[in-house]
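Produce the entire structure from the sequences given, and follow the hints as far as they go.
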Amino acid sequence: MGLLGFQGDVSEHKTALLKASKNRGMNITVREIRKDSDMNNISGLIIPGGESTTIYNLINSYGLYARIKNEGMNGLPIWGTCAGLIIISKNTGDDRVIGMDLLDVEVERNAYGRQINSFISELDISGIGKFEGVFIRAPVISHVGDVEVMAYYNEKPVMVRHMNYIGTTFHPELTDDTRIHELFLDLVEREGYTSTGNNKGDN
Amino acid sequence: MTLNLSELRFGDELLKRGFAKMTKGGVIMDVTTAEQAVIAEKAGAVSVMALERVPSDIRAAGGVARMADPEKIKEIMNAVSIPVMAKVRIGHISEGLVLQQLGVDMLDESEVLTPADPFFHIYKKDLTIPVVCGARSIQEAVRRILEGAAMIRTKGEAGTGNIIEAVRHIRMVNEGIKIIKTLSNEELIKAARNIASSYSILRHNVSKDLFGAEDYLGEFDLYSGLSLEAIEKEAVKVLKDIKRLDRLPVVNFAAGGVATPSDGALMMKLGTDGVFVGSGIFKSKDPEKMARAVVEAVENYEDYKLIGDVSSNLVGMPGIEIENIPPEQKLQERGW
Numbered sequence: 000m001g002l003l004g005f006q007g008d009v010s011e012h013k014t015a016l017l018k019a020s021k022n023r024g025m026n027i028t029v030r031e032i033r034k035d036s037d038m039n040n041i042s043g044l045i046i047p048g049g050e051s052t053t054i055y056n057l058i059n060s061y062g063l064y065a066r067i068k069n070e071g072m073n074g075l076p077i078w079g080t081c082a083g084l085i086i087i088s089k090n091t092g093d094d095r096v097i098g099m100d101l102l103d104v105e106v107e108r109n110a111y112g113r114q115i116n117s118f119i120s121e122l123d124i125s126g127i128g129k130f131e132g133v134f135i136r137a138p139v140i141s142h143v144g145d146v147e148v149m150a151y152y153n154e155k156p157v158m159v160r161h162m163n164y165i166g167t168t169f170h171p172e173l174t175d176d177t178r179i180h181e182l183f184l185d186l187v188e189r190e191g192y193t194s195t196g197n198n199k200g201d202n
Numbered sequence: 000m001t002l003n004l005s006e007l008r009f010g011d012e013l014l015k016r017g018f019a020k021m022t023k024g025g026v027i028m029d030v031t032t033a034e035q036a037v038i039a040e041k042a043g044a045v046s047v048m049a050l051e052r053v054p055s056d057i058r059a060a061g062g063v064a065r066m067a068d069p070e071k072i073k074e075i076m077n078a079v080s081i082p083v084m085a086k087v088r089i090g091h092i093s094e095g096l097v098l099q100q101l102g103v104d105m106l107d108e109s110e111v112l113t114p115a116d117p118f119f120h121i122y123k124k125d126l127t128i129p130v131v132c133g134a135r136s137i138q139e140a141v142r143r144i145l146e147g148a149a150m151i152r153t154k155g156e157a158g159t160g161n162i163i164e165a166v167r168h169i170r171m172v173n174e175g176i177k178i179i180k181t182l183s184n185e186e187l188i189k190a191a192r193n194i195a196s197s198y199s200i201l202r203h204n205v206s207k208d209l210f211g212a213e214d215y216l217g218e219f220d221l222y223s224g225l226s227l228e229a230i231e232k233e234a235v236k237v238l239k240d241i242k243r244l245d246r247l248p249v250v251n252f253a254a255g256g257v258a259t260p261s262d263g264a265l266m267m268k269l270g271t272d273g274v275f276v277g278s279g280i281f282k283s284k285d286p287e288k289m290a291r292a293v294v295e296a297v298e299n300y301e302d303y304k305l306i307g308d309v310s311s312n313l314v315g316m317p318g319i320e321i322e323n324i325p326p327e328q329k330l331q332e333r334g335w
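Here the protein sequences come in this chain order: A and B.
Okay, so the first sequence: first residue is 0 according to numbering that gives the first Met the number 0, each after it adds one.
Okay, so the second sequence: first residue is 0 according to numbering that gives the first Met the number 0, each after it adds one.
I should point out that these hints are in silico values taken from the structure, not numbers from a laboratory.
This structure is a prediction, so every number in the text was calculated from the model and none was measured.
All residues carry an ideal CB built from backbone N, CA and C; glycine is no exception.
Certain hints may be false.
[What the hints assert, rightly or not] List time: in silico DSS-like cross-link candidates among lysine-lysine, alpha-carbon distance up to 27 Å:
(1) B/K41 / B/K239
(2) A/K34 / A/K89
(3) A/K21 / B/K242
(4) A/K34 / B/K304
(5) A/K18 / B/K236
(6) A/K13 / B/K177
(7) B/K177 / A/K18
(8) A/K21 / B/K239
(9) A/K13 / B/K268
(10) A/K18 / B/K242
(11) A/K34 / B/K288
(12) A/K13 / B/K288
(13) B/K41 / A/K34
(14) A/K13 / B/K236
[As the list claims (entries may be wrong)] Computed Cβ-Cβ distance ranges for the label pairs, DEER-style:
(15) B/N77 / A/R23: 45 to 55 Å
(16) A/K21 / B/I321: 42 to 52 Å
(17) A/G62 / B/R243: 37 to 47 Å
So, in structure tokens, the structure goes:
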């Protein structure tokens, strides 16, 4: 499993993934992705929460933008949380962060306001049920194209999926609830994709 | 789906600590203008600290340093998409609430400003937005966390460009964590009692005034509605979290003397989650280049070739030898 490791709540995702894999009886290793060769031989990728502008700049300066986008189009399961969702979206309406156009949604950054407007609300996720949604300077999904909306908050989509992609505007990794991480592992198993490259990875 | 307000929660510990977690692995830069904020954002800063003067200028100017002009902070908030932090004087809840109202994303209850309260730090659980506090040691960190700090940073010695005090403070915290790992429950309670005792200084002084030598601690409100016993209990909780997690239960950054990319890398190697750079960026010769270089070094703190490359032809801020600072001008001595 790959986990974009530049910046953000990377260790929280790692802990949640390992716990989820235990619950599922799966044996996984998690690799933090920082350079192109780290992208070889992975079966899934999580882009964590953090500062989307910062993560976007770093993805670009380390030449990972095109690689992640290509692997996604080839079928690599990718889950973006908050900043991660912004990066894989179709349109961000902000030229400081250009979406990869992998997930057919338009997002509006920091649309709920500043940190004082960050909130926790119970969500009802299709196929999962009640879930504690932790929204931190979260984006709003302002328009959806060809995706399945799995959860709404205040009539706006907050969790979507399509083919090999999942996007959440909230942070499941900040709670002890690993059901969405398990859902992602199921997707990884179902897709059975492994990225290739010239350099041999250790996954 | 309709909005159910009773299920909505704002200002939770989870949201405050969660916000801090989103800055992990990043660099937070002091800026004094909207233009500087844009430079910092473009260089990859995860957040900016909006100030009227950077610490080295505050140090040079002397006098009372207060929160920044709200107009200045608004300008900076309007210029960037990354979160904006601002400094509040130690113990000055009113400045804190003004900054919160303004829309600042996180407060830094900072020794760089002149402290406002000689007895107490802000009870940070009274604020909706998260607060970061400086600490020189594990007991100072525990006090700040029990008061509700969502993030800790080393105090270091701000505005000096000298990393030694930040290293001293992270080592003091790390050593404390190592010791706490080995403590029994009884020993944790003993440590908590000692950590809590500093909250009784005001009560102790006043009861001495009233009764002479006798202490009258009582079981009533000592600090923000908490009795000494309640504070001890909170301290035990924090100590137990540290023991269980083998680290502070909140994000822990470096601050106070980071002047070069290698300084940032050193602090990351010593276990910090990220780095604040105060005067180090905009007091350097080429701020844009320095800002990018520090970000890259922090992201890749063990890639020494890269750090060497980004450090080439950088001229850092002039530094100050700690021994040459008169004790009363040491910022780290502010707060307790």
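Compare the distance between the alpha carbons of A/K34 and B/K304 with 27 Å, and conclude whether the hinted pair is satisfied.
holds, 15 Å
Holds or violated: A/K18 and B/K242, Cα atoms, limit 27 Å.
holds, 21 Å
Range hint compliance [Cβ, B/N77 to A/R23, 45 to 55 Å]
holds, 46 Å
Could you grab the alpha-carbon distance between A/K13 and B/K236 and see if it respects the 27 Å cut-off?
holds, 25 Å
Pair hint B/K41 and A/K34, alpha-carbon separation not exceeding 27 Å:
holds, 20 Å
A/K21 paired with B/I321, Cβ distance criterion 42 to 52 Å:
holds, 48 Å
For a C-alpha distance cap of 27 Å, please report whether A/K21 and B/K242 respect it.
Holds - the C-alpha atoms of B/K242 and A/K21 are around 24 Å apart, at most 27 Å.
Is A/K13 close enough to B/K288, meaning Cα to Cα at most 27 Å?
Violated - the C-alpha atoms of B/K288 and A/K13 are around 32 Å apart, more than 27 Å.
Hint consistency between B/K177 and A/K18 [alpha-carbon to alpha-carbon, up to 27 Å]
holds, 26 Å
Pair hint A/K21 and B/K239, alpha-carbon separation not exceeding 27 Å
holds, 26 Å
Take the C-beta atom of A/G62 and the C-beta atom of B/R243, compute their distance, and say whether it sits inside 37 to 47 Å.
Cβ of A/G62 to Cβ of B/R243: about 40 Å, so the range 37 to 47 Å holds.
Is the hinted pair A/K18 and B/K236 satisfied, with a Cα-Cα distance of at most 27 Å?
Roughly 24 Å separates the two Cα atoms, so the pair holds.
When held up to the earlier numbered hints, the structure conflicts with 1 and 12 and fits the remainder.
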